[in-house]
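J.: Under the working numbering, think of the first position of the sequence shown as 11, with each following residue one higher.
Just so you know, the hints here were simulated from the structure itself, not pulled from any lab data. Hints may contain errors.
[To be verified] Each computed DSSO-like pair below joins lysine-lysine, with the alpha-carbon atoms no more than 27 Å apart:
1. Lys136 <-> Lys200
2. Lys381 <-> Lys200
3. Lys62 <-> Lys200
4. Lys62 <-> Lys136
5. Lys227 <-> Lys200
6. Lys62 <-> Lys239
7. Lys136 <-> Lys239
8. Lys239 <-> Lys308
9. Lys57 <-> Lys239
10. Lys259 <-> Lys200
11. Lys239 <-> Lys381
Note that this is a predicted model, so its numbers are computed, not measured.
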Amino acid sequence: MDTPTKNEVLRATARSVEAHRRDILDANRADVAVCDPSDRALYDRLKVDDSKVDGMIAALEQVAALPDPVGQVRYRYERPDGLLVEDRTAPFGTVLIIYESRPDVTIEAAAIAFKAGNRILLKGGKEAHRTNRVLVQCWHEALEAAGCTTEWVQYLEFDRAQTQDFLRRPDRPLDLIVPRGGARLIAFVKAHATCPVLVSGRGNNFAFVHRAADWSKVVPVVLNAKTHKISACNALDKVLVDAQLPGLKERLAELVHALEAAGVEVWVDACVQALFPERGWPLVPDEQMWYEEFLAMKIVIGLADDTDDAIARINRYSGGHSVTILTEDEAAARRFMDAIDAAAVYHNASTRFTDGGQFGLGAELAISTDKLHHRGPLGLQHLVTNKWYVFGNGHTRS
């Protein structure tokens, strides 16, 4: 499919989403009605309102406006004998996106994969199936209006057993799978897939409050990273505070008070508890909690002996997603950022910015914690592979 046709399909899909706005919201209300309201993270991911519909439309229009990533020359070499060698970007082929409860993925992630020249298979969670059906209808209306087959975007209404069988024995060529969800979904896909899987990894993101932190920045950044959107993989779960922070006890009390006032359940390590034996804050029960991604109004606060201790513990326990340091010491920040093994590292900023749109990529397919073939927000320019083109004139190798 050529670039003008791809862009017209994307813009037509945006128009169709607008035309079906009421249908999308009605279908989503039916999905939300059977959702467990106590599962706040699930509810947050599942619910679609006018703002989310606006976001889907904006993502489609943004992707349509971006340069086509297919066919770009990455490398060019002309040999002395005239043989011309080029490395060009190329589509993967067919991309399967498996996701849980996020109807906006049906539009935004598919838009990225589509603009990159791929056919898309969508396997959404059963909790959002009514909403997803309407959104896929928008895709199909746009494809048909452009004279294209609806096979470019297909929705798989499989149960768990059917999905497992499809992963093991796909009935069509399958070139890449991107699971969007929790650790259980990712493990399920990796256990059964027979083609490459690009992992959209778990969060369990850390903040380190260095001894040279500007305290006026610390509380706002931690609150934003924790409470802005608890269902997001870039939300904050752990805070390590430098034991040499001036006014340590008062600062810790202020931070915990601010978190609790915002409705966050605060757990502490033994070092913090020893400073406040009278407070009764719950103690981290075992090492396993340090590995957990909460996706809830819950956070752990602990003490680090120094920067090296913080680096070692974060690299051991974090999901390799997003980590921030709060400090006015530029050298300490740089050393910390270089040493942390994560897809995104921050200095004096909330981890909530780890997002394709916030990074200027437009919509994103996922945030990868893999190191091959891409790491971090997976934008349009990353959803291509490469192909070598060699042009000769009867050349033979001697």
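J.: All the hints need checking, so say for each whether the structure fits it.
T.: Hints, one by one, checked against the model:
1. Lys136 <-> Lys200: holds (20 Å)
2. Lys381 <-> Lys200: With a Cα-Cα distance of about 16 Å, the restraint between lysine 381 and lysine 200 holds, given a limit of 27 Å.
3. Lys62 <-> Lys200: violated (30 Å)
4. Lys62 <-> Lys136: Holds. Lysine 62 to lysine 136 sits at ~20 Å (cutoff 27 Å).
5. Lys227 <-> Lys200: Distance of about 40 Å is beyond 27 Å: violated.
6. Lys62 <-> Lys239: holds (14 Å)
7. Lys136 <-> Lys239: Roughly 23 Å between the alpha carbons, so the hint for lysine 136 and lysine 239 holds.
8. Lys239 <-> Lys308: Holds, at roughly 12 Å.
9. Lys57 <-> Lys239: holds (13 Å)
10. Lys259 <-> Lys200: Outside the cut-off at roughly 45 Å; violated.
11. Lys239 <-> Lys381: Roughly 26 Å separates the two Cα atoms, so the pair holds.
In the structure shown, a violation is registered for the earlier hints numbered 3, 5 and 10, in ascending order.
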